[in-house]
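Q: Protein sequence lines correspond, in order, to chains D and G.
Numbering-wise, the first sequence is residues 24 to 389 according to the working numbering.
Numbering-wise, the second sequence is residues 24 to 389 according to the working numbering.
Since the hints were made in silico from the structure, they are not lab data.
As the structure is a computational prediction, the values presented were derived from the model and not from experiment.
Quick reminder that beta carbons are idealized off the backbone N, C-alpha and C, glycines included.
Any given hint could be a false lead.
With the C-beta cut set under 8 angstroms, the calculated list includes, among others, these residues of chain G facing chain D [claimed, not checked]:
| hint | residue |
| --- | --- |
| 1 | Gln45 |
| 2 | Val99 |
| 3 | Gly232 |
| 4 | Met251 |
| 5 | Gly254 |
| 6 | Trp255 |
| 7 | Asp265 |
| 8 | Ala286 |
There are 2 protein chains.
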Amino acid sequence: MAERFHLPPGATYLKSHSVGCQPRAAETLLRDRLLTPWRETGEAWPHWLEAIDQWRAALAGLIGAEAQDLCPATNVSAGLSRYISALGTATTRRTILLAPSAFPTIGYVASGLAAAGWKTGYLPADADVRDPASWAAALDDDVALVVAMHVSSVSGALTDVAAVAAAAKTAGARCIADCAQSVGVVPVTPALWGVDAVLGTSVKWLCGGPGAAWLWVAPHDRSTLDPMERGWWSHENPFEMDIADFRYAPDARRWWGGTPDVAPFILSTAGIGEIAAIGVPAIRGHNAALQAMLRDALEARTPQWRWPSGAIGGTLCIDTGTDQPRVAAALERHNLRADFRGSILRVSFHAYNDAADAHAAAEALS
Amino acid sequence: MAERFHLPPGATYLKSHSVGCQPRAAETLLRDRLLTPWRETGEAWPHWLEAIDQWRAALAGLIGAEAQDLCPATNVSAGLSRYISALGTATTRRTILLAPSAFPTIGYVASGLAAAGWKTGYLPADADVRDPASWAAALDDDVALVVAMHVSSVSGALTDVAAVAAAAKTAGARCIADCAQSVGVVPVTPALWGVDAVLGTSVKWLCGGPGAAWLWVAPHDRSTLDPMERGWWSHENPFEMDIADFRYAPDARRWWGGTPDVAPFILSTAGIGEIAAIGVPAIRGHNAALQAMLRDALEARTPQWRWPSGAIGGTLCIDTGTDQPRVAAALERHNLRADFRGSILRVSFHAYNDAADAHAAAEALS
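If we strip away everything but chain D, and leave its shape as in the complex, we get:
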């Protein structure tokens, strides 16, 4: 895999839940699609827009979606905020339901809308986010939107998005899945889930760096939702330039907003290219094998730690309890790049990790 990715020299990189390694193709793609047309032609925009279309097509291919249903977003927070901005006129319900273990920004975005009349509802702290019944029990008739984390950033829990979406639908609510911690290592298949929308990002498992997140909106809402947050690139024809005549684009571009951002989406295209070439099922299998290797080597010897149970995504989230300082020091000493949420150690194996990395981790942590 060293021919596909830059692996940090002298270190074992186990933080693909954070950034992911840089594709070797990234620098060249950035030069070819961003810098060179800008330098050479004096007419960069047609090239830049084509580059965004190439990103959209690559991502659509990876997740089995139609390109027209994908919209660039700067980050998951912005994508969620924009999505919710369309719901006020689409429903009279005003509660956004999520789990307290959701990535904090989800709660910050939702609760930020209190002044606009939105309420944030949480599952009980002890509810199992993987059990659709937990969601069904919390779905009252004021819930407009369920925000489900496909994979939890703090526990690794893998949620059956289709089941949660079905529960939401039964209760008359929409469901959006946050796939920031899954896309690239766990199959993300919006069109098969019966979900209303999906958020994802290129930083982490897609190895594309920050700034290139995305919102997928289901075909059934292609032209029914009108985002209040918008800009000239949400217009059916951005170049019409009539300030008094805004018409939403008939597809996911309506979520786009202002002047397109380019560089992050070119970087992301390089990452998606590598992930697609290797194949997400292959990455998932490889990841599971390395997870098993680490568990086999270490779990029995660490009875004081809490290892994950049940379905998880690409990251092993291991609660090291009072051992945390010792474990952190060991990581540092062995140049292992992993991190913590509190006492929870997060270890991620990607396509570019191998058995030697799992052994190195087992040795360092034992």
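Once you have looked at the hints, place chain G on chain D.
A: Positioned in the frame of chain D, the structure of chain G alone reads:
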């Protein structure tokens, strides 16, 4: 200037109102601050955040602002949308006032908020946007926000932002200035204007490419405005990770939102570096001299065209009327990169243009 910027070979670039030429430093800076730390360290984020701080400091230096009052935004539309999202709780007024000649996205953003109770008010079509009395006459007691274009993208009109801000203040409204078409070629001095906020972008005269816009919020509103649109990087401490405890950052970071975008701000830093090194007053003087050269050579010979009168920014916006097709063909034939809004020809001279460019334009257009 060819040592500072890549000038498109074989063409005369007169479209700095659109993109601007690429700084030669851009590729190296992108490698040094984005790609290399990502490849080499396995801990990219501290380097990336430092790069954003460097961008913020560079921009603050250029516009005489404090870095803490500057927040990154993806584009002007997103910055405006986010700014307005804080006003609903700060005032009971609900009208956003702008000129019909504002860049269309300003109107699209404002009118998109109708469902949230916002009204969009326009100056009369024949009002002079440069006359503060035009604004004063339209400022009724429902106006919460005046959006003034520092330089018009369609006429080039240069507005005295301080005078408009004073009129707004007298009427109990806030004022935000859109400096997308001025920053880099006309002095932009938020702290001296008495304005409440400023929007700008790196694409165009700052030669930084798309994706790196910004919102400056006046010190008097540093901690009084609470944007509804937010994310974990709007938090006083993004790494606190407590979904139930959001506290706004005590400065412009509160407008930031989700996971930071990096690449566009590094590119922008390269552009700001060149502009600052040359100096905006010098660029302004050079631009004015080349504008005068073109006018001297061409205006008297084109009585059928409408040339701008009064104060303008960096772009000559010349209404070519029914000559437009002929003029467009001439531009094409002479490899002059300029563009049109309808029949209005837009010609921009930047630091990297020279007398030969003005002569080439005069010759091609006569």
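Q: Was the hint right that Gly232(G) lines chain D, CB cutoff 8 angstroms?
A: 7 angstroms, holds
Q: Can we keep the Met251(G) interface hint, with Cβ of chain D closer than 8 angstroms?
A: Given a least distance of 5 angstroms, the restraint on Met251(G) holds.
Q: Minimum Cβ distance from Val99(G) to chain D below 8 angstroms?
A: 6 angstroms, holds
Q: Hold the hint about Asp265(G) up to the distance rule: shortest CB distance to chain D must be less than 8 angstroms.
A: Nearest chain D Cβ about 7 angstroms off; hint holds.
Q: Would the hint on Trp255(G) stand, with a C-beta cut-off of 8 angstroms toward chain D?
A: The hint holds - Trp255(G) has a Cβ within 8 angstroms of chain D, the shortest such distance being about 4 angstroms.
Q: Quick one, is the Gln45(G) hint okay against chain D at 8 angstroms, beta carbons?
A: This hint holds: Gln45(G) lies near chain D, its Cβ roughly 5 angstroms from the closest one there, short of 8 angstroms.
Q: Gly254(G) was flagged as interface toward chain D. Is the shortest Cβ-Cβ separation under 8 angstroms?
A: Since the shortest Cβ distance to chain D is 3 angstroms, the answer is holds.
Q: Tell me if Ala286(G) is really an interface residue toward chain D, meaning its C-beta lies closer than 8 angstroms to one of theirs.
A: Since chain D brings a Cβ to about 4 angstroms from Ala286(G), closer than 8 angstroms, the hint holds.
Of the numbered hints given earlier, the model fails none.
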